[in-house]
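So the protein lines, in turn, are chains U and W. End of the first sequence sits at 263 in UniProt numbering; the numbers just go up one at a time, nothing left out. End of the second sequence sits at 644 in UniProt numbering; the numbers just go up one at a time, nothing left out.
Worth flagging that the hints you see were computed from the coordinates, not collected in a lab. Be aware that one or more of the hints could be misleading.
[Said to hold, decoys possible] Computed cross-link-like contacts, SDA-like style, restricted to lysine to any residue with a CA-CA straight-line distance of at most 20 Å: (1) U:Lys51 to W:Leu497; (2) W:Lys184 to W:Lys477; (3) W:Lys210 to U:Lys84; (4) W:Lys24 to U:Val44; (5) W:Lys210 to U:Lys83; (6) U:Lys51 to W:Leu539; (7) U:Lys51 to W:Asn546; (8) U:Lys51 to W:Glu561; (9) U:Lys83 to W:Asn383; (10) W:Lys537 to W:Glu518; (11) W:Lys500 to W:Tyr418; (12) W:Lys503 to U:Val44; (13) W:Lys484 to W:Asp198; (14) W:Lys184 to U:Ser136; (15) U:Lys52 to W:Leu499; (16) W:Lys398 to W:Asn289; (17) W:Lys20 to U:Asn138; (18) U:Lys52 to W:Trp544; (19) U:Lys16 to W:Leu497; (20) W:Lys210 to U:Arg108; (21) W:Lys210 to U:Pro113; (22) U:Lys23 to W:Gly551; (23) U:Lys84 to W:Ile391; (24) W:Lys500 to U:Val45; (25) W:Lys18 to U:Gly140; (26) W:Lys184 to U:Asn218; (27) W:Lys628 to W:Asp4; (28) U:Lys83 to W:Ile391; (29) W:Lys545 to W:Glu571; (30) U:Lys84 to W:Asn383; (31) U:Lys51 to W:Asp275; (32) U:Lys51 to W:Lys500; (33) W:Lys500 to U:Glu47; (34) W:Lys31 to U:Gly140; (35) U:Lys152 to W:Asp375; (36) U:Lys83 to W:Glu571; (37) U:Lys152 to W:Asp143; (38) U:Lys152 to W:Gly140; (39) W:Lys210 to U:Asn7.
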Amino acid sequence: MSTGNMNLTLKVWRQKNSQTAGKFVTYKAEGISEDMSFLEMLDVVNESLTKKNDEPIYFDHDCREGICGSCSLYINGHPHGPKKAITTCQLHMRTFSDGETITIEPWRSAAFPVIKDLGTDRSAFDRIQQAGGFISVNTGGAQDANAILIPKVVADEAFNSATCIGCGACVAACKNASAMLFVSAKITQLGLLPQGQPERYSRVQAMVAQMDEEGFGNCTNTGACEAECPKEITLTNIARMNNDFFSAKLFREEHAHDHTGGE
Amino acid sequence: MSLDAKIPQGPLAEKWSKHKFNLKLVNPANKRKYDVIIVGTGLAGASAAASLAELGYNVKSFCFQDSPRRAHSIAAQGGINAAKNYQNDGDSVYRLFYDTIKGGDYRAREGNVYRLAEVSVNIIDQCVAQGVPFAREYGGLLDNRSFGGSQVSRTFYARGQTGQQLLLGAYSALNRQIHLGKVKMYTRTEMLDVVTIDGQAKGIVTRNLKTGEIETHAGHAVLLATGGYGNVFYLSTNAIGSNVTAAWRAHKRGAFFANPCYTQIHPTCIPVTGDHQSKLTLMSESLRNDGRVWAPKTVEVANKLQKKEITAAQVKEDERDYFLERKYPSFGNLVPRDVASRNAKEMSDEGRGVGTTGLAVYLDFAEAIQRLGEDTVRAKYGNLFDMYYQITDENPYKQPMRIYPAVHYTMGGLWVDYNLSTNVPGLYAMGECNFSDHGANRLGASALMQGLSDGYFVIPYTLGDYLATIGPKPVDKNHPAFEKTKQEVIAYNNKLLALKGNKTVVEYHRELGHIMWEYCGMARTEEGLTHAKGLIKALKADFWKNAIVTGENDEVNAALERAGRVADFIELGELMVTDALARRESCGGHFRLESQTPEGEALRDDENFAFVSAWEFKGEDQEEELHKEELIFENVKLSQRSYK
Ligand SMILES: Cc1cc2nc3c(=O)[nH]c(=O)nc-3n(C[C@H](O)[C@H](O)[C@H](O)COP(=O)(O)OP(=O)(O)OC[C@H]3O[C@@H](n4cnc5c(N)ncnc54)[C@H](O)[C@@H]3O)c2cc1C
Ligand code: SF4
Ligand code: FES
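Please construct the entire structure, taking both the sequences and the accompanying hints into account.
Okay, structure coming up:
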C-alpha cells in the first residue's frame with residue numbers, strides 16, 4: 001500500500017501504560033512518499049504491524065489539520081518536529097531525507113503521564129481552565145453583541161492569544177516543564193477584552209494556583225516554549241500574566257477566590 | 001407507526017414563542033433531582049451541557065477525545081450565520097429562513113428552520129459575552145462576510161478558525177460548570193449503547209478508553225450530540241475520530257434514522273494525492289468571496305497543465321472558463337455547495353480538470369491580490385493559505401489553489417421532532433447527529449448556527465417539558481436492563497477482539513469508502529446503487545470473518561475502537577444506499593442521474609418525494625422499514641431552485 005520511495009528508520013518510544021517502564025523500539029518505514037504527512041507515515045508502519053498481528057504504535061490525533069491539539073509527538077528533539085509554527089499532523093515527509101533515522105517520543109513531563117506509547121494524559125490543562133478560564137455569564141442574558149465596541153487591534157490581539165490549541169508543546173519544550181505559555185494565553189485573551197475585566201484578577205490567581213498544584217515547573221524565561229509553539233503564542237503573554245498576577249496580589253483582590261459567579 | 005413532528009400550530013413567526021409558553025417547566029428546586037446524560041462536547045453538546053447545568057440539572061458529559069475542547073467542531077473554519085442585519089443589506093430572520101429552506105432544496109421543515117433563523121441572533125450575543133474574539137471592523141463593530149447560497153453578508157467569523165473560537169467559548173462555559181460541580185466530565189470515554197427501560201432511554205453503556213472498563217450510567221434523559229458520519233466515505237474533511245457509533249447503536253435500539261443518503265460534498269477541498277491519504281482538508285467556502293473558480297476551456301490546455309508542461313499563470317484569460325460566473329451570473333462563485341461541486345466534477349468528467357490526476361479545478365486569487373493587496377488577502381485567509389502550503393508545498397499567493405469536491409457534512413441523522421426528541425422517549429439528538437434543519441443540502445456557516453441553537457436555546461426549553469412529565473423519581477440503577485445491555489456490549493467487543501484474520505480494519509474502511517464514493521457520491525443511479533448494496537453486504541460478511549483486531553480490551557486499544565466504528569459504518573453504508581435507492585428524485589446533495597433538468601440541475605419530484613425518510617431497524621441483516629414524514633409548506637412556494 002506504499003506509494004513512495006523513501007526508506008527511513010524510526011526509533012519509537014513504546015510503553016504499555018503509565019505503570020510500566022518504556023523503551024525505544026526500532027522500526028523500518030519503507031516506501032514512504034514525500035507527500036505523506038508524518039502521521040500518514042506512521043499509519044503505514046501501523047498497518048504493517050497490524051498485518052503481523054503486532055500491536056500498532058499508539059499516538060493521539062484527530063483533526064489532522066493543525067487545530068484540535070491532539071497530536072503531540074516529540075520528533076528528533078523537537079515538539080511537533082523540526083519545522084516552525086506547525087503541529088505534528090501538518091509535518092510532511094518532504095521535510096526528511098531518504099535513509100534518515102527519526103526519533104519519536106511522547107511529551108515528557110511529570111504533569112503529563114504517558115498513557116501508552118506516544119500518548120500522554122494532558123487533563124491537567126483542562127483542570128487549569130476549569131479553575132478560572134472563563135467569563136461567568138449564563139446562557140440567555142447577553143446584551144446585543146454590537147453594544148460592546150472592541151477596537152480591531154484589541155480584538156486581533158485577543159484573537160492571537162485565543163489561537164492556542166492546548167497541545168502542550170510548550171511544556172514539552174521547557175526544561176522546567178512550565179505551563180506558563182499555555183496559561184498566559186487564556187489569561188491574555190480574556191484580560192484584553194472588556195467582557196473579561198470583572199474577573200481579571202481572580203482569574204489569574206485561580207489559574208496560577210491550579211497550575212502550581214498540577215506540578216508544572218517555574219518559568220525561567222528561556223523562551224523554548226515560544227520557539228516551539230505551533231501557534232506562535234508569544235512570551236508577551238507571559239509578561240502580561242505576570243503583571244496581572246502581581247497586581248492581583250498587590251491589591252489583595254477581595255474576591256480572589258470567589259470568581260465562580262452565581263448558579 | 002406514525003411520525004409526529006410536533007410542529008406547533010399557528011403562524012410561522014409565532015410558533016416557537018407559543019411553544020415555549022406551552023411547554024411544562026421544572027420547578028427550580030426540583031431541577032437538581034434530575035440527571036441528564038450528554039454524549040458529545042462539540043458545539044451542540046458543550047453548549048447544552050453548560051446551559052442545562054446553569055439551570056440546575058446534574059449533567060454527565062462524555063467525549064472520546066482526551067479533552068472536551070478537541071471535539072470536531074474545533075475544525076470549522078469559515079463562520080457562523082446570524083440574521084443580525086448589522087450590514088443593513090436587507091437581511092432578516094425571514095430571509096435567513098427562506099435562504100435555508102431553498103438552499104436545502106425544500107426538504108426541511110419550515111417550523112424548525114424558522115426557529116433556527118430566529119434564535120441565530122441570540123447566539124452571536126451569547127458568544128460575544130463569553131469572550132469569543134470575532135473579527136471586528138476598525139470602529140469596533142462586528143464584521144461579516146458572505147457565504148454560498150445567499151446575497152447578503154450575514155456570516156460572523158474569527159479569521160479562518162471560527163469553529164475553534166466558538167467551541168472554546170462553549171468549552172469555557174462547560175468548564176465553569178465542571179468547576180461548580182454541576183457537570184461531571186468523562187473524557188476518553190466512548191458511548192457504546194443506550195439503555196432503555198419500558199421503551200424509554202434511561203442510560204448508556206460506555207468504555208473507558210484508558211482502562212477498557214465497561215460501565216453503565218443512568219439518567220432521566222440521554223442527549224446525543226455526537227456529530228456527523230461523513231467518515232463512512234473513509235476520506236472526508238472530518239476528523240479521523242468522527243464516527244456514527246453513538247447514533248447507530250441508538251438506531252439499533254429503536255431510534256429512527258432520517259434521510260441517511262443526504263450527504264454534502266464540499267466543492268473546495270485539497271485534492272487527493274494518493275492512496276496513503278488518511279483525510280481530506282477543506283479550504284473554507286469563505287475563500288469564494290474573493291477566489292475565482294476556473295478550468296481551462298479546452299481539453300488540450302488541460303492536458304498540458306496535467307503534464308506540467310505549462311503553469312496556470314501561462315493560461316491566457318480567453319483560454320479560461322470561469323464556469324460558475326458564466327453559468328450562474330447572479331450568484332457567481334457563491335452558488336450553494338451542491339451546485340458548485342457538481343460543476344467541478346463536470347469539468348473533470350469532460351477532461352478539463354487540472355493537476356496531475358485531472359481531478360481538480362482552480363481557485364484563483366490573482367485578481368483579489370491585485371485588487372486588495374497581498375496583506376489584506378493574508379489578513380482574511382492567512383491560516384488557510386498556510387494550511388494549503390503545508391500540505392501541497394505550493395504557494396497560493398503565487399499560483400491558484402487546486403481544489404476538488406470532498407465529503408464534508410451529513411444532513412441526515414437521527415430523526416427528531418420539533419423538541420429534538422427522537423421517537424424513543426427520553427432520547428434526544430442535537431447538532432450534526434440529528435437530521436433536522438438543513439434538508440437535502442446545508443448552506444455554509446449554518447452547522448455551527450444549528451449546533452449552538454440546539455444546545456443553548458432549544459434543548460433547555462424542550463427537555464424541561466419531558467422531565468416535568470416523567471417526574472424526578474431517581475432512575476433505578478439496579479434495573480436488569482443496565483446489566484443486560486452491558487453484557488451485550490462486552491460480548492460484541494469480544495467478538496471484535498476475536499477477529500484475527502488477514503485484512504486490516506483500515507483496509508475495510510478504505511474499501512467501503514471507495515464503494516460509497518463511487519456509487520453513493522456525487523452522482524447516483526439505480527443500477528450503481530443496487531450494485532453497491534451487494535458489495536457492502538459482501539464486505540460486511542468478509543469483515544466479520546477476515547478482519548484483524550489486535551490487542552485486548554483492558555488497555556488503550558485504538559484498533560478495537562476503530563474496528564467498532566468501521567463495523568457500524570459498514571451497516572450505515574448499506575442503509576444510505578437503501579435510502580438513495582428509494583428516493584427516486586434528485587434534491588440538493590442527492591443527485592440521481594435519472595432525475596435532472598435539461599441544464600443538468602437537480603430535478604425534484606415534489607409530488608412523490610416531499611417527505612422525510614425515517615428508517616426503522618428491524619434486526620440484524622434485515623431490510624429496514626421506511627416511515628414517511630410528509631413535509632408541509634405553508635409559507636414558501638416550492639420551485640425549481642435557481643441561482644442564475
Ligand atoms: C473542516 C470542517 C470545516 C467546517 N466549517 C464550518 C463552518 O465554517 N461553518 C459551519 O457552520 N459549519 C462548518 N462545518 C460543520 C460543523 O463544524 C459541524 O457540523 C459541527 O461542528 C458539528 O458539531 P456537533 O456538536 O454536532 O458535533 P462534533 O463537534 O463533531 O462533536 C461530536 C462530539 O461527540 C463526541 N462523540 C462522538 N461519538 C461519541 C461516542 N460514541 N461516545 C462519546 N463521545 C462521542 C465527540 O467526542 C465530540 O465531543 C465544518 C466541518 C468541517 C469538517
Ligand atoms: S501555548 Fe502553544 S505550545 Fe502551548 S499549548 Fe498553546 S498552542 Fe500548544
Ligand atoms: S491532529 Fe489535530 S492538531 Fe494535529
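**Prompt:** If you draw a straight line from the CA of U:Lys52 to the CA of W:Leu499, is it 20 Å or shorter?
**Reply:** holds (13 Å)
**Request:** For the pair supplied as a hint, W:Lys210 and U:Lys83, confirm whether the alpha-carbon distance does not exceed 20 Å.
**Result:** It is violated: about 31 Å lies between the C-alpha atoms, which goes past 20 Å.
**Item:** 20 Å Cα cutoff - pair U:Lys52, W:Trp544
**Value:** holds (18 Å)
**Message:** So if I understand the rule, the pair passes when the alpha-carbon distance is 20 Å or less; does W:Lys503 with U:Val44 pass?
**Reply:** Measuring from Cα to Cα gives roughly 14 Å; hence the hint holds.
**Message:** Checking one constraint from the list: CA of W:Lys18 to CA of U:Gly140, max 20 Å. Satisfied?
**Reply:** Holds, because 18 Å separates the two Cα atoms, which is no more than 20 Å.
**Request:** Decide if the proposed pair is consistent with the structure: U:Lys152 and W:Asp375, CA atoms, cutoff 20 Å inclusive.
**Result:** Holds. U:Lys152 to W:Asp375 sits at ~16 Å (cutoff 20 Å).
**Message:** Holds or violated: U:Lys83 and W:Ile391, Cα atoms, limit 20 Å.
**Reply:** Holds. U:Lys83 to W:Ile391 sits at ~13 Å (cutoff 20 Å).
**Message:** Against the 20 Å threshold, does the CA-CA distance of W:Lys24 and U:Val44 hold or violate the hint?
**Reply:** It is violated: about 55 Å lies between the C-alpha atoms, which goes past 20 Å.
**Asked** Is W:Lys545 within 20 Å of W:Glu571, Cα to Cα?
**Response** Within the cut-off at roughly 15 Å; holds.
**Asked** Given the hinted pair W:Lys500 and U:Glu47, is their alpha-carbon gap at most 20 Å?
**Response** holds (14 Å)
**Prompt:** Does the structure keep W:Lys20 and U:Asn138 at a Cα separation of 20 Å or less?
**Reply:** holds (19 Å)
**Asked** Are the Cα positions of U:Lys83 and W:Glu571 separated by 20 Å at most?
**Response** Violated: U:Lys83 and W:Glu571 sit about 41 Å apart, past 20 Å.
Violated hints, listed in ascending order, are 3, 4, 5, 11, 26, 36, 39; each of the other numbered hints is respected by the structure.
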